[in-house]
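J.: Each chain, letter by letter, is given below.
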Amino acid sequence: MSRETTSFVYVNYIRSTREKVFEAITRPELARRYWGHENVSDWQVGSGWQHVRDNDERTVELVGEVVEIAPPSRLVMTWANASQADNSDAYSRVTFDIEDYNDMVKLTVSHDELEAGSGMAKGVSKGWPAVLSSLKSFLETGSGLDIINKS
Amino acid sequence: MQLNTCIIGFMTNATEPMDTDKVFKALGDPTRRRLLDLLAERNGQTLGQLCENLDMARQSATQHLGILEDANLISTVKRGREKLHFINPVPLHGVYVRWVQKFEQHRLALLHDLKQELEGD
Chain A
1 MSRETTSFVY VNYIRSTREK VFEAITRPEL ARRYWGHENV SDWQVGSGWQ HVRDNDERTV
61 ELVGEVVEIA PPSRLVMTWA NASQADNSDA YSRVTFDIED YNDMVKLTVS HDELEAGSGM
121 AKGVSKGWPA VLSSLKSFLE TGSGLDIINK S
Chain B
1 MQLNTCIIGF MTNATEPMDT DKVFKALGDP TRRRLLDLLA ERNGQTLGQL CENLDMARQS
61 ATQHLGILED ANLISTVKRG REKLHFINPV PLHGVYVRWV QKFEQHRLAL LHDLKQELEG
121 D
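Chains as they are written, first to last, in the numbering used here: chain A, 1 to 151; chain B, 1 to 121.
Simulated from the structure, these hints should not be mistaken for lab results.
Check the hints yourself; a few may be wrong.
For each label pair, taking beta carbons as the anchor points, the in silico distance ranges come out as [what the hints assert, rightly or not]: (1) B:Q105 with A:R58: 27 to 33 angstroms; (2) A:S73 with B:K83: 18 to 24 angstroms; (3) A:S73 with B:D19: 39 to 45 angstroms; (4) A:E68 with B:K78: 27 to 33 angstroms; (5) B:K78 with A:D42: 29 to 35 angstroms; (6) B:R34 with A:D100: 32 to 38 angstroms; (7) A:E4 with B:R34: 21 to 27 angstroms; (8) A:Y101 with B:D37: 26 to 32 angstroms; (9) A:R58 with B:V100: 31 to 37 angstroms; (10) B:N53 with A:E4: 29 to 35 angstroms; (11) B:F24 with A:E115: 33 to 39 angstroms; (12) B:E119 with A:N102: 53 to 59 angstroms.
Just a sample of chain A residues kept apart from chain B, beta carbon distances all over 10 angstroms, derived [unchecked claim]: (13) S88; (14) S110; (15) E115; (16) G142; (17) S143.
Beta carbons: idealized from backbone N, C-alpha and C, even for Gly.
Construct the entire structure; sequences and hints are all you get.
T.: This is how it looks when you write it as C-alpha cells:
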C-alpha cells in the first residue's frame, strides 16, 4: 500500500440527541428523507452495508463493511464504489463519532484512507458538507435540504 | 493556551455554536482566508506546515486558527503527538444555501421565464 492517501474531517453541531443522529444515519426510512439514499445493513460488525439510491431503480452506489458499531456514539465502516467492490485498494474508511455537546450533539465524520486525487476523494469532499447540512436541517426542522438530485 | 481559551469561549457561547456572525467574521481577514486556502490545497496540516507558507509567528497563526475553529470552519484531530487541521466546509455550505443558492434559483427562474416569453412557448 504505497498509494498516497488523503483524509477529510467534518464537524457539525446539531440540536438533537445522539440517538436521533445515529438512527438518521442507520435507518433507511430516515436517511432517504435528507440524503436521497439509504444505508442498508443489519448493522452487525463484519456485515456488509449498501448505499442505495432512493429511486425506482434502487441503484446500489456504494458498498462496504461494518467495522465497528457502538450505538449511539460510534460507527465505523469501509466505503467503496459498488463498481469497485472487488478491488481491496478502492476501499476507504468512514467514522461517525457522535458526542453530547451541552444541549446539542457534535457529529464528527472522518473519511480516511481515500486515494489522493481520486474521483471518490473529489466526490466525497463535495458530498459530505451537503449531506451533513441536510442532516442538520432534517433533525432540527423536520425537513432536509433539497440538495440531492432524486431523479 | 490560546486554543484552550477559544474552546472555553466556544462552550460558554454554545447557544449559537454555528453562529453565522462568527463565520463571516472569521472569513473577514486575509490571513484566515489564506489559511483556509492552504488547507483546501492540502488537508490535514500541522501548525508547523501551515506556518511554512505564512509570514507570521506561530503564536499569531495559532490565534487565527483558534478563530477559524471557533467558527467551526476548521476541525482538528490529534494523531499521536501531532495536531492536524482540516478544513470544515459544513458551515460554508449553510452560508451557500442561505445566501447564494436561493438567489441563483431566482435568477434561473427569471431566465426560464424570459426564454419562455421569447420563444413564445
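J.: Regarding B:R34 and A:D100, is the given constraint of 32 to 38 angstroms on their beta-carbon distance met?
T.: With Cβ atoms ~34 angstroms apart, the hint holds.
J.: Compute the least Cβ-Cβ separation between A:E115 and chain B, then decide whether it is above 10 angstroms.
T.: Holds, since 14 angstroms exceeds 10 angstroms.
J.: With 10 angstroms as the threshold, tell me whether A:G142 passes as away from chain B on beta-carbon distances.
T.: holds (16 angstroms)
J.: State, for the Cβ atoms of B:N53 and A:E4, whether the hinted interval 29 to 35 angstroms holds or is violated.
T.: With a Cβ separation near 20 angstroms, B:N53 and A:E4 fall outside 29 to 35 angstroms, so the hint is violated.
J.: Does the beta carbon distance between B:E119 and A:N102 stay inside 53 to 59 angstroms, or does it fall outside?
T.: holds (55 angstroms)
J.: At the C-beta level, are B:F24 and A:E115 separated by a distance inside 33 to 39 angstroms?
T.: holds (35 angstroms)
J.: Take the C-beta atom of B:K78 and the C-beta atom of A:D42, compute their distance, and say whether it sits inside 29 to 35 angstroms.
T.: The hinted range 29 to 35 angstroms holds for B:K78 and A:D42, with Cβ atoms some 33 angstroms apart.
J.: Starting from the range 21 to 27 angstroms, see whether the pair A:E4 and B:R34 falls in it by beta-carbon distance.
T.: holds (24 angstroms)
J.: Kindly confirm whether 27 to 33 angstroms is satisfied by the beta carbon distance between B:Q105 and A:R58.
T.: holds (29 angstroms)
J.: Range hint 18 to 24 angstroms: satisfied by the CB atoms of A:S73 and B:K83?
T.: The hint (18 to 24 angstroms, Cβ to Cβ) holds, given that A:S73 and B:K83 are roughly 23 angstroms apart.
J.: Examine each Cβ of chain B, and state whether all of them lie more than 10 angstroms from the Cβ of A:S88.
T.: holds (23 angstroms)
J.: Can the suggested window of 27 to 33 angstroms be confirmed for the beta-carbon pair A:E68 and B:K78?
T.: Since the Cβ atoms of A:E68 and B:K78 sit about 19 angstroms apart, the hinted range of 27 to 33 angstroms is violated.
Violated hints, in rising order: 3, 4, 10 and 14; the structure is consistent with all others.
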